[in-house]
Amino acid sequence: MPAPTLNDKRWSIDLEKRIQEAHAEDPQVYAQRYAFNPDSGKEFFVIDTPPPYPSGTWHIGAVAQYSMIDVIARSQRLLGKEVYFPWGVDRNGINIEFTVEKNTKRKMKTYDRAEFLELCKTTIETFTQAMRETARRVGLSCDFEREYLTDSPEYRAVTQSIFVELFRNGSIIEDLRPNIYDPVEGTTIADAEVERLPRRTNLVDVEWVCEDGTKIAISTTRPEMICACGVVVVHPDDERYTHLVGKQIQLPLPVDGRETSVEIKTHPSVKSDFGSGVLMVCSFGDQNDVAVFRELGLTPFQAINLEGKMTKLAGPFAGQTVLEARKSAIEHLESTGKIINIEQREQDIPVSERGKNPVEIILLKEWYVRQTHTQDRIREHAEQIEFHPPRNKQFLMDWMDNISIDWPISRRRWYHTEIPIWYCDDEDKIIVPPTGIYVQPWCQEPPEGSQVLDRKSREIIGSFDEMKQALGTIVGEEKVFDTWMDSSNSNLFVSGYLNQPEVFEKAFPTALRPQGKEIVRTWLYYTLLKSTLLLDQPGFKHVWIDGLGMDPWGRKMSKSLGNGIDADSVLECGAGGRTGSWKVKGPDKTVSLRANKIGSECFRLWKACDAQVGDDFHINPEEIEKKYFGVLTKLFNVARFASQFEVPSNLDDAPEGLAVEDEWILAEFQTTMATVEKAWTHLDIYTATQALKTFGTGILPSHYLEMVKSRLYDEDKAAAWTLHRMVRDFMTMFTPVCPFFTHHISSTIYGASAVDVDAFPSQPYPSVASGTARGDELRALSASIQTFNGDTWGHKKEQGISLNQPVSGVEIPKELEPFTAILTRMHHLE
RNA sequence: GGGUCUGUGGUCUAGUGGUUAUGACACCGCCCUUACACGGCGUUGAUCGAGGGUUCAAAUCCCUCCAGACCCA
Numbered sequence: 001m002p003a004p005t006l007n008d009k010r011w012s013i014d015l016e017k018r019i020q021e022a023h024a025e026d027p028q029v030y031a032q033r034y035a036f037n038p039d040s041g042k043e044f045f046v047i048d049t050p051p052p053y054p055s056g057t058w059h060i061g062a063v064a065q066y067s068m069i070d071v072i073a074r075s076q077r078l079l080g081k082e083v084y085f086p087w088g089v090d091r092n093g094i095n096i097e098f099t100v101e102k103n104t105k106r107k108m109k110t111y112d113r114a115e116f117l118e119l120c121k122t123t124i125e126t127f128t129q130a131m132r133e134t135a136r137r138v139g140l141s142c143d144f145e146r147e148y149l150t151d152s153p154e155y156r157a158v159t160q161s162i163f164v165e166l167f168r169n170g171s172i173i174e175d176l177r178p179n180i181y182d183p184v185e186g187t188t189i190a191d192a193e194v195e196r197l198p199r200r201t202n203l204v205d206v207e208w209v210c211e212d213g214t215k216i217a218i219s220t221t222r223p224e225m226i227c228a229c230g231v232v233v234v235h236p237d238d239e240r241y242t243h244l245v246g247k248q249i250q251l252p253l254p255v256d257g258r259e260t261s262v263e264i265k266t267h268p269s270v271k272s273d274f275g276s277g278v279l280m281v282c283s284f285g286d287q288n289d290v291a292v293f294r295e296l297g298l299t300p301f302q303a304i305n306l307e308g309k310m311t312k313l314a315g316p317f318a319g320q321t322v323l324e325a326r327k328s329a330i331e332h333l334e335s336t337g338k339i340i341n342i343e344q345r346e347q348d349i350p351v352s353e354r355g356k357n358p359v360e361i362i363l364l365k366e367w368y369v370r371q372t373h374t375q376d377r378i379r380e381h382a383e384q385i386e387f388h389p390p391r392n393k394q395f396l397m398d399w400m401d402n403i404s405i406d407w408p409i410s411r412r413r414w415y416h417t418e419i420p421i422w423y424c425d426d427e428d429k430i431i432v433p434p435t436g437i438y439v440q441p442w443c444q445e446p447p448e449g450s451q452v453l454d455r456k457s458r459e460i461i462g463s464f465d466e467m468k469q470a471l472g473t474i475v476g477e478e479k480v481f482d483t484w485m486d487s488s489n490s491n492l493f494v495s496g497y498l499n500q501p502e503v504f505e506k507a508f509p510t511a512l513r514p515q516g517k518e519i520v521r522t523w524l525y526y527t528l529l530k531s532t533l534l535l536d537q538p539g540f541k542h543v544w545i546d547g548l549g550m551d552p553w554g555r556k557m558s559k560s561l562g563n564g565i566d567a568d569s570v571l572e573c574g575a576g577g578r579t580g581s582w583k584v585k586g587p588d589k590t591v592s593l594r595a596n597k598i599g600s601e602c603f604r605l606w607k608a609c610d611a612q613v614g615d616d617f618h619i620n621p622e623e624i625e626k627k628y629f630g631v632l633t634k635l636f637n638v639a640r641f642a643s644q645f646e647v648p649s650n651l652d653d654a655p656e657g658l659a660v661e662d663e664w665i666l667a668e669f670q671t672t673m674a675t676v677e678k679a680w681t682h683l684d685i686y687t688a689t690q691a692l693k694t695f696g697t698g699i700l701p702s703h704y705l706e707m708v709k710s711r712l713y714d715e716d717k718a719a720a721w722t723l724h725r726m727v728r729d730f731m732t733m734f735t736p737v738c739p740f741f742t743h744h745i746s747s748t749i750y751g752a753s754a755v756d757v758d759a760f761p762s763q764p765y766p767s768v769a770s771g772t773a774r775g776d777e778l779r780a781l782s783a784s785i786q787t788f789n790g791d792t793w794g795h796k797k798e799q800g801i802s803l804n805q806p807v808s809g810v811e812i813p814k815e816l817e818p819f820t821a822i823l824t825r826m827h828h829l830e
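Note that the working numbering has the first sequence beginning at 1, numbered continuously upward.
Calculated from the structure, these hints are not laboratory results.
One or more hints might be untrue.
Cut-off 25 Å, straight-line C-alpha distance, at most; resulting in silico cross-link-like pairs (PhoX-like, lysine-lysine) [what the hints assert, rightly or not]:
no. : residue 1 : residue 2
1   : Lys693    : Lys709
2   : Lys109    : Lys365
3   : Lys583    : Lys559
4   : Lys17     : Lys42
Okay, the calculated beta carbon distance ranges per label pair [as the list claims (entries may be wrong)]:
no. : residue 1 : residue 2 : range
5   : Ser702    : Val807    : 13 to 21 Å
6   : Asp401    : Glu518    : 13 to 21 Å
7   : Ala470    : Gln500    : 33 to 41 Å
8   : Asp401    : Glu147    : 35 to 43 Å
Just so you know, these numbers come straight off a predicted model, no measurement behind them.
From the three backbone atoms N, C-alpha and C, an ideal C-beta is built for every residue, glycine too.
Given these sequences and hints, build the entire structure.
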């Protein structure tokens with residue numbers, strides 16, 4: 001018997017790692033395979049990959065999602081596209097600031113700004129390195145050479161230039177408006193960054209007295225805000241209070257610097273059945289207050305300052321923090337006998353997503369991206385984008401329906417992109433840098449080429465270099481951008497906006513935005529907003545929105561629940577014979593999970609096969625191994641079996657004299673090929689992988705191989721050609737899912753790697769293709785063949801005959817008459 | 001409190017009006033058969049979350065409820 005050219009007895013994690021290391025060894029070879037080559041003449045397929053944020057370990061769910069983006073990248077290369085699969089790292093933001101504060105036990109604002117920035121940079125670099133390694137380990141075919149960092153001067157320059165462009169076209173404005181503010185971290189935040197946490201609070205019923213002496217109770221959880229009360233409102237239909245509307249009502253607490261009573265008005269937002277049905281509206285206790293103030297045209301009071309302390313307005317409580325003032329206010333009300341009732345209540349209060357601090361609404365002069373005026377236009381653009389799965393488009397639409405205010409983009413933090421503006425003495429002129437130059441206005445003068453603009457009209461007045469002397473003292477902006485202001489440029493950046501105009505021409509709208517569904521309202525929405533405001537175009541051709549990685553019981557993985565699974569431990573499971581074990585907190589008790597071998601190929605196969613895009617997926621290493629490692633073993637062995645037979649010198653053209661079973665399996669194979677090609681074209685990973693798995697572990701080995709074994713041993717040329725042609729093309733089609741597996745097999749047996757193929761394999765035997773009479777006729781026999789084989793194996797078993805022993809009394813059905821010879825030989829019928 | 005999505009054997013999953021509901025894993029039974037025992041073959045096992053409705057016909061469409069996830073107030 002000839003020896004197989006595939007030496008390894010079976011697929012293993014050590015083999016996987018050997019192949020992987022060899023793959024990355026030569027940067028030239030790597031670049032040849034995976035780097036973006038804009039001059040290739042092929043159609044572009046630019047992927048706007050989600051630049052991960054380095055913070056310790058990379059979430060296994062995100063790694064799984066990322067590996068599917070890689071499947072898309074590789075499948076598009078296979079379909080002949082020039083793929084740009086960038087590797088970017090998102091490094092701006094408050095997270096790294098928190099990490100540094102925690103590590104050094106010092107608040108950011110106690111540092112020298114430059115010193116703090118340096119600390120952030122070195123800290124984030126160590127996290128970034130770990131992430132690069134995981135990315136390679138899971139087999140991402142990114143263009144690592146061109147790595148981009150969102151905190152690099154190049155990236156930040158693009159953000160700043162886009163800001164200037166948007167400012168000049170009127171999409172960005174500065175204004176004094178109520179903003180959501182985190183007093184602990186000292187910064188404005190956007191609506192999208194607010195979350196809600198349950199807290200116990202006191203609901204206090206306070207007695208207020210009307211000018212006519214009527215006493216009414218008003219319930220509030222925020223008595224300290226009474227000093228900012230601008231109006232007391234009741235529902236217009238609430239007959240209990242009709243007679244009081246228009247009257248003045250006395251504030252129950254002392255105040256300083258404002259009138260001591262307010263008018264009673266009506267407003268439809270009041271819930272008559274809540275408490276007494278009377279509501280005090282303060283600037284600003286919550287978002288509803290903001291809306292009422294705006295609708296009634298009231299002048300807001302500033303009760304809380306930037307440190308989160310009460311202003312002069314609060315009279316005796318001025319200078320206290322919000323919480324202290326709340327306590328003092330209750331004590332004061334109690335001592336004057338104005339408290340009717342206090343009850344403890346569970347309430348969801350708004351906190352900042354990053355710092356978990358209760359937020360306040362404060363009037364601040366900030367920069368905004370205008371968005372309320374352009375929602376319909378974004379919707380029109382979204383209509384032109386293909387969503388995968390289509391239903392996840394709803395997340396975007398729902399969020400857009402909720403948008404009622406502009407997007408505040410300025411932040412009072414440091415490790416972010418600086419707002420590129422200098423203000424002149426006269427307050428009428430501002431200075432902006434030239435396009436493509438990164439500036440830090442808090443510590444730099446405007447660079448050469450900067451321009452002076454009119455602050456109101458946005459017109460260019462002249463060049464800074466010429467006007468310098470006349471401008472007097474200039475002050476650089478200290479504030480920075482919201483990180484989403486950077487992230488929402490990612491598709492522009494990777495498509496070559498500003499830096500490579502000739503590439504951008506062909507690359508935009510960006511082919512694909514893959515992302516998780518939890519950041520639809522931020523990353524996806526803001527990116528679409530930008531492309532609408534800047535270019536009046538949809539940002540993407542396809543948006544691919546995946547579900548979240550959950551624990552084995554379907555719960556979110558989190559540190560506090562103790563149910564996380566480390567990505568590296570799964571990818572390394574089985575390397576060097578080391579098994580993996582995970583202790584995961586389940587709903588009832590801690591469960592110990594064990595697996596012997598997984599690795600990147602098995603992990604990718606699992607994610608590709610186990611869940612449709614968009615569904616949340618459960619991550620259980622035991623299941624990954626049990627369900628999918630065997631598939632790799634099987635496919636490996638089919639290839640190993642094939643490798644012991646000589647590879648025909650001409651694999652492209654079919655030899656004369658194919659047997660009927662060869663034609664039959666080729667008919668089946670070509671149907672699978674058609675399914676796979678269509679699925680890869682439509683970014684449908686699940687269907688492609690399922691089709692390959694079903695064919696490769698089912699009908700091919702169980703029926704065809706068993707049938708033609710004896711012919712192969714007899715050195716039958718037609719059988720060898722059929723088998724080798726199928727194995728080669730199978731590996732090619734499968735390469736997006738398991739690149740190292742298929743690379744190894746194809747280059748070992750056929751001398752050419754499947755990962756380098758840049759055209760989908762052609763039909764090996766067109767005369768039995770889908771739609772041909774001959775092909776349909778043969779495929780119609782598949783069920784019969786499988787049934788007949790199953791019955792015959794079952795019959796032998798019943799008779800206690802081993803499979804290689806002759807058996808009598810088995811009838812071959814009429815429709816399988818053409819297969820009589822081969823079936824007789826296969827089952828040793830007599 | 002509201003919205004969106006999801007709910008199919010023990011586990012995961014296919015199936016968007018039409019025979020007896022797909023497949024995988026697990027379980028159990030049998031088999032070392034010249035690629036593979038990290039394998040092969042086979043048997044169990046689901047009133048398709050619950051209830052109601054539309055229809056000749058419902059896992060599939062509609063309503064109500066329950067559970068979970070995500071988002072929002």
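We went through each hint and held it up to the structure:
1. Lys693 <-> Lys709: Within the cut-off at roughly 21 Å; holds.
2. Lys109 <-> Lys365: Distance ~20 Å between Lys109 and Lys365 Cα, so the pair holds.
3. Lys583 <-> Lys559: 13 Å, holds
4. Lys17 <-> Lys42: 32 Å, violated
5. Ser702 <-> Val807: 13 to 21 Å: 18 Å, holds
6. Asp401 <-> Glu518: 13 to 21 Å: Since the Cβ atoms of Asp401 and Glu518 sit about 18 Å apart, the hinted range of 13 to 21 Å holds.
7. Ala470 <-> Gln500: 33 to 41 Å: 38 Å, holds
8. Asp401 <-> Glu147: 35 to 43 Å: 38 Å, holds
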